[in-house]
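Student: Each chain, written out:
2 protein chains.
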Amino acid sequence: MKTVLIGSGNVATHLGKALVESGHEVLQVYSRKPENAQELANQLHSEAISDLSALDASADLYLILVSDSAIPEIIHQLPKSLKGIVAHTSGSTPLSVFETSGYQGQYGVFYPVQTFSKTKKVDFSPIPLALEASDSQSYKQLFEVAESLSNRVFSCDSKQREAIHIAAVFACNFSNYLYSVAEDILLRNGLEFDLIRPLILETAEKAQHFSPASVQTGPAIRKDLKIIKQHLASLEQDSNTDPRIKQIYALISEILTEK
Amino acid sequence: MKTVLIGSGNVATHLGKALVESGHEVLQVYSRKPENAQELANQLHSEAISDLSALDASADLYLILVSDSAIPEIIHQLPKSLKGIVAHTSGSTPLSVFETSGYQGQYGVFYPVQTFSKTKKVDFSPIPLALEASDSQSYKQLFEVAESLSNRVFSCDSKQREAIHIAAVFACNFSNYLYSVAEDILLRNGLEFDLIRPLILETAEKAQHFSPASVQTGPAIRKDLKIIKQHLASLEQDSNTDPRIKQIYALISEILTEK
Chain A
27 MKTVLIGSGN VATHLGKALV ESGHEVLQVY SRKPENAQEL ANQLHSEAIS
77 DLSALDASAD LYLILVSDSA IPEIIHQLPK SLKGIVAHTS GSTPLSVFET
127 SGYQGQYGVF YPVQTFSKTK KVDFSPIPLA LEASDSQSYK QLFEVAESLS
177 NRVFSCDSKQ REAIHIAAVF ACNFSNYLYS VAEDILLRNG LEFDLIRPLI
227 LETAEKAQHF SPASVQTGPA IRKDLKIIKQ HLASLEQDSN TDPRIKQIYA
277 LISEILTEK
Chain B
27 MKTVLIGSGN VATHLGKALV ESGHEVLQVY SRKPENAQEL ANQLHSEAIS
77 DLSALDASAD LYLILVSDSA IPEIIHQLPK SLKGIVAHTS GSTPLSVFET
127 SGYQGQYGVF YPVQTFSKTK KVDFSPIPLA LEASDSQSYK QLFEVAESLS
177 NRVFSCDSKQ REAIHIAAVF ACNFSNYLYS VAEDILLRNG LEFDLIRPLI
227 LETAEKAQHF SPASVQTGPA IRKDLKIIKQ HLASLEQDSN TDPRIKQIYA
277 LISEILTEK
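If you read the protein sequences in the order shown, they are chains A and B.
The working numbering numbers the first residue of the first sequence as 27 and each following residue consecutively.
The working numbering numbers the first residue of the second sequence as 27 and each following residue consecutively.
This is chain A alone, in the form it adopts within the complex:
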């Protein structure tokens, strides 16, 4: 399938590479900044553009891979109707953004449930891909591309997709933030972050096989109020600790001790 990537960030980079590896063609990479477009275009053997009026009209699929807030503006700048399907890749932007932005062609959503960092290669095959489309023909075409990349393609509506995104913020973005809190605490005490890396991995691996609530451990679920109090006092004493981190400790411990 002939595709065009609108965007050149982390998701565009990883998805672009996966598309090329699966035998698809990336005709163009668009970015407002020509150097960003060029950098990714070079990797994908495609053309760099920094003006949407230069969009190749012969593509089968145009993937919008920009930050959520920029999506309506990008749709506005597209020709009112393209022959190919236009799909955004956002968790929390509803399908209706195409209609409200005045787009009249076929469109859809192609949402990979994964976190992408520039520094780490990603295998697409286990990544769930959530699809939604303006019509059944577009859905079928999106499904074909999705299936060539991943073993877990499924359909969901915009409300469900937002729920997945919120769940992902808690389970991924916020967990990673808690890792960084742990790192700060260790470094301030002359210890290495490496000490708790096996623990982080074990916790995530446990969640692969069990319901997380059923394998909850720690002072709070044991209702060990003495240790909780001692930890809160220790966080309080450390003047370098943001008081909101103590608040997070107190809040989550309160919820867990009630279970």
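One thing to keep in mind: the hints can contain errors.
For chains that are exact copies, the list does not tell them apart, and a pair is met inside one copy or across any two.
Taking lysine-lysine pairs in the DSS-like style, the calculated list, with each CA pair at most 25 Å apart, reads [stated by the list, open to error]:
1. Lys106 with Lys28
2. Lys43 with Lys146
3. Lys185 with Lys166
4. Lys272 with Lys249
5. Lys109 with Lys166
6. Lys106 with Lys59
7. Lys147 with Lys28
It should be emphasised that the hints constitute simulated quantities derived from the structure, not laboratory data.
Since the structure of chain A is already known, use the hints to place chain B on it.
Tutor: Using the frame of chain A, we list chain B on its own:
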């Protein structure tokens, strides 16, 4: 080495099995509840006791594997001085608990930095073991046992050990809680938790190679206030969501948007 396990919970079970697999002998398993002592003793081919006066005086190492709050009481019940070393396995209980509980023999701490659930087998070799002891001879003996189980044995004082424990609460216990929040959100929207399992694993794997702060992703670090507001509204609308979960979302997002 001849050991006695005082306690029969998750840590006792996993540590006991690891000791036996590494060629040590578990002479006795103590639990207040005879049936619990018996269950683990059967697995380790050792004697079950439910009265500390029946403690075998010939052991080299007595490991206290009870909840933190029960440690002083257990030490009180021990003979004032045993020939072997007595060690507790708690992150947040200082070494001085032995002195304040009136113990006069040799003692130490043997703290495995890992989470243990009954349901999942644990490989001890990558688990960091934090040691502390009343004297250098006891330290040497604890080190010998520790080294037979793990590749990562290190010395730290009670304050550092507490810092490791607090870091572990954030990175492991609280992350697991966030996984369960994600599960609740997905189930309430007719979706499976399985959808975000790859995301959870990828996030933990990323933390194995990078500093978590350097690979932070999500709406908050992108300062996408519109999405944050939309997610908070969605959490608010769902009457089944504990309002404290919205508070956690707001608090962590606030911290991350300031970065």
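Student: Looking at the structure, which of the earlier hints fail to hold?
Tutor: none
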